[in-house]
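Novice: As a plain string of letters, each chain reads:
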Amino acid sequence: MDKNIHHHIPGSQFSTHNGQLVISSGIQTLDSLLGNGIPIGTVVLIEEDFHGCYSKVLLKYFLAEGIVSTHSTFIASQDVNPYHIIKELPAVIESDPEVGDSAVSKTSNNDKLQIAFRYQNLPSYDSDYGPKENKDFGHIYDLSKTIDVSDIENSDICCWTGLRIENGTKTYSNPAYNELLKSIKNKIKEGKFFLKDNPEKRSMLRIGIHSLGSPMWLPHRKSLQSIDGTRDLDKFIFCLRALVRSAYAVAMVTVPTHLYHEMSLERCIHSSDIALRLQAFSGTELENNQSLNEYHGFFYLTKLAAVNSLVSKHPGPVEYVFKLRRKRFSIEILHLPPDIQDDNKETGKKHGNKAVHSMGCSGANSHPLDF
Amino acid sequence: MLKSYLTQPPYQKFIIIQDTLTENGKPIFDYLLQHNLERFDNKIHYYLVQGNEKHCPQNPKITVHNLKINSQNWDTDNRINITQIAEGLQKRDIIFVDSLAHCIFQYGLAETYRLFNMLKNEIGVAQIVALLHLDLLDSKWKTVELFNFLSTLSMKVQPKFSSEHGRIQYQCKKSGGRVVKQIEEYYFQNGKLETKKIEKLDPKKLLENASRPEINPDDLATFKISLTDKEEESRSQLVLPYLPKDENSSTEGGQIFYKFDEQDDWDEEDPDDDLDI
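Protein chains in written order, with the UniProt record's numbering: chain A, 1 to 371; chain B, 1 to 277.
None of these hints come from the bench; they were simulated from the model. Treat the hints with care, since some could be wrong.
[To be verified] As a list, the in silico DSSO-like pairs of lysine-lysine whose alpha-carbon atoms are at most 27 Å apart:
{"no.": "1", "chain 1": "A", "residue 1": "327", "chain 2": "B", "residue 2": "140"}
{"no.": "2", "chain 1": "A", "residue 1": "87", "chain 2": "A", "residue 2": "327"}
{"no.": "3", "chain 1": "A", "residue 1": "87", "chain 2": "B", "residue 2": "120"}
{"no.": "4", "chain 1": "A", "residue 1": "87", "chain 2": "A", "residue 2": "235"}
{"no.": "5", "chain 1": "B", "residue 1": "3", "chain 2": "B", "residue 2": "68"}
{"no.": "6", "chain 1": "A", "residue 1": "145", "chain 2": "B", "residue 2": "140"}
{"no.": "7", "chain 1": "A", "residue 1": "235", "chain 2": "B", "residue 2": "43"}
{"no.": "8", "chain 1": "A", "residue 1": "145", "chain 2": "B", "residue 2": "43"}
{"no.": "9", "chain 1": "A", "residue 1": "87", "chain 2": "B", "residue 2": "13"}
{"no.": "10", "chain 1": "B", "residue 1": "43", "chain 2": "A", "residue 2": "323"}
{"no.": "11", "chain 1": "B", "residue 1": "174", "chain 2": "A", "residue 2": "145"}
{"no.": "12", "chain 1": "B", "residue 1": "140", "chain 2": "A", "residue 2": "170"}
{"no.": "13", "chain 1": "B", "residue 1": "174", "chain 2": "A", "residue 2": "87"}
{"no.": "14", "chain 1": "B", "residue 1": "181", "chain 2": "A", "residue 2": "323"}
Between the sequences and the hints, there should be enough to build the whole structure, so can you do that?
Specialist: Encoded structure:
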């Protein structure tokens, strides 16, 4: 591939790891997790949290980044009107809104906790904002503000609602899947995003599909199949990947996987390139866990395909957590706090238990059966 | 807490009451209907899929749509199309459906879900309240999970447990991503629904309270120490061979007199003194 052509695509850069052309997901921590960004021609699968609101935030970041980088956008949803999602996209801002706050808290932390001088000036490992390689790549967004209407009007946005669906295909039990694939293909063709096309100005297509495989995508009554009974979902992701591979396009698909059986889910992950899972704490036992109360959920990087390379950049068994603040969504490595307080309690409890339950010849005077 | 979710703003968009034949959810459904009638001026649409039209509350604010009439299209009368009714709705309307399961039987799972999704998201009606009979569902279709995905407040009526009041297990999705899952007790007082949090006992406290009762050696030993009344009685009646027998005591034998030595090692202590028995 001729690198000079790619240089003209705004909002993209070459990965330092494998030379692959990547685009930003809109969240800088996620970009660095994925190895500089999302490689073009890939499908990102997001397993939705139970409520579905955190996965929606990820999708919004992805689409907002596309609009700011003047990429074309294709958005599909049957559950909500895709135009509402576009209207709620976060606004881009110059500097990080909460970087000041964290700096203040860091200094106050320094007063409390003295660390060896050798380590004091080292950058922290999971700091969100490392040195930026490319000014054009990745932006900062404020979730409390929404994008300007004029920005939406000036962008190339295509919405798909699934309202006009023709029958007459046997590949899928719900013709909506076929219809969506056709629409995406047409969009790629019209916008000249195929690799073989030679448009005057090369651009990128971002495809966002919200809540694919939700009950709105259920097979029709005649097919008599349950939600797990059809292979529609994984077939669709497989076809989508084939389509996206041959184009300057990236697809982000959120799926309410908690409605599906594990087997169907694994097929979907197999057909995608990058798979992420959001597991919110709210409504589960983890909600009351002291060491997790700062965060909103676990962030799992289930799959990270090695594109254009033999080595996957998957970080291995590291646990990530996410939190959604008023203005910003962030992903961090989970560090458990020092276990000082609990330790005392634990030992105290152990002693207590021993006094009650032990039945040996230990010679503790209080015990009635000791001898 | 459940009461405030049901009756105070922000009002839940889609409430599902799951009930069974033994645990009836109709009283809660009727209460919500009554509550909406008293409180708001909104138009209420009552979709009659299961019950009898005579039992519907008569009120000018309520429009009853009897969907049972000619449901199979066998009659020459015009069949009421549920989608057509839905399309004529407005944002402020409130919808009550007396059986979601019957709705699914009539229109199919996919179509019913589409309809409710349209009501909730596209038209954006003020509130939907639906009764879902769990006995009528096949778990293979995952109907409950699918509708829970759409609902904002899903309640399941549960039987009484160590209390005079029935229970409701509910799950409420709040805006901002919070999900509340709880079990509460409910009862009706003067026709009003009251809910009460079930006081969960702290297991640690329970352990502390339970660990120091009177120490009973029976519970601690791996063998049986004490005797039952019957055993005690038979023991008392047993005559041991070395004991003087009544008939011989006067005629024969002698007595043993123990004479202490000068340095006799007589132990007067009870050997079982340390047992606390």
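Novice: Return the numbers of the hints above that this structure violates; sort them in rising order.
Specialist: 1, 4, 5, 6, 7, 8, 10
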